[in-house]
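Chemist: Sequence:
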Amino acid sequence: MLIQKARERGVRLLGVRARTRVELIRKLVAGGTPQPIAEAAADSLARDGLLNDADLAADIAGRTGSRASSDAALDATLESRGVDATTRRRAIKGAMTETDRATEAAKTLAKRLSKDLTIEVKWRRLMSSLARRGFDEEVSREAAQRMLGPAPEPEG
Numbered sequence: 003m004l005i006q007k008a009r010e011r012g013v014r015l016l017g018v019r020a021r022t023r024v025e026l027i028r029k030l031v032a033g034g035t036p037q038p039i040a041e042a043a044a045d046s047l048a049r050d051g052l053l054n055d056a057d058l059a060a061d062i063a064g065r066t067g068s069r070a071s072s073d074a075a076l077d078a079t080l081e082s083r084g085v086d087a088t089t090r091r092r093a094i095k096g097a098m099t100e101t102d103r104a105t106e107a108a109k110t111l112a113k114r115l116s117k118d119l120t121i122e123v124k125w126r127r128l129m130s131s132l133a134r135r136g137f138d139e140e141v142s143r144e145a146a147q148r149m150l151g152p153a154p155e156p157e158g
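Start counting the sequence shown at 3; every next residue gets the next number (the numbering used here).
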């Protein structure tokens, strides 16, 4: 009886937004459901296909990828939602490549740069913006080159 009530509450919670198994259990426990009952309800929902961490992780990776986050940022997002390491790796692997996500970010950022800026300033600003999003230097450089052309020669 308790499991059925927890399961019904779980269905309502999943109707509000998709959740991982860990998130659902946390929410049920926070609402007063004992941990073992919450886990049993989550297992029941997973068996019925209403709770699927792999599908949710793939969806998050796709959405986050469209916001142009690095692999590390995407991994951190999934980890914070309670997705296990293996499922996180699969979701990230199935998303756009990190370079493609960086290029998408660079495209958006490059549009915001003033046309009056020198190429050196544009490169510097684009590289720093990509770094703040968690992209490493190599990936950022490739994305910047796709958007702005070859890197300017260092003054010296």
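Source of the hints: derived by calculation from the structure; they are not laboratory data.
These figures come from a predicted structure and were not determined experimentally.
No residue lacks a Cβ here, since even glycine has one placed at the ideal position from N, Cα and C.
Hints may be right or wrong, so weigh each one.
Claimed, not checked - Below are the DMTMM-like pairs computed for lysine to aspartate or glutamate, each with C-alpha atoms no more than 25 angstroms apart in a straight line:
1. Lys29 with Asp61
2. Lys124 with Glu144
3. Lys29 with Glu81
4. Lys124 with Glu155
5. Lys95 with Glu122
6. Lys109 with Asp138
7. Lys29 with Asp45
8. Lys113 with Asp86
9. Lys7 with Asp61
10. Lys109 with Asp45
11. Lys113 with Asp57
12. Lys124 with Glu139
13. Lys109 with Asp57
14. Lys109 with Glu122
15. Lys117 with Glu155
16. Lys95 with Glu106
17. Lys109 with Asp86
Unchecked claim - If you anchor each label on the Cβ, the simulated ranges turn out as follows:
18. Leu16 with Asp86: 17 to 23 angstroms
19. Asp86 with Gly33: 53 to 59 angstroms
20. Asn54 with Lys117: 26 to 32 angstroms
21. Thr99 with Pro154: 36 to 42 angstroms
22. Gln6 with Ala32: 17 to 23 angstroms
23. Lys117 with Arg148: 33 to 39 angstroms
24. Asp86 with Arg126: 18 to 24 angstroms
Chemist: Under the constraints set out in the numbered hints, which ones does this structure not fulfil?
Modeler: 5, 8, 9, 10, 11, 13, 17, 19, 20, 21, 23 and 24
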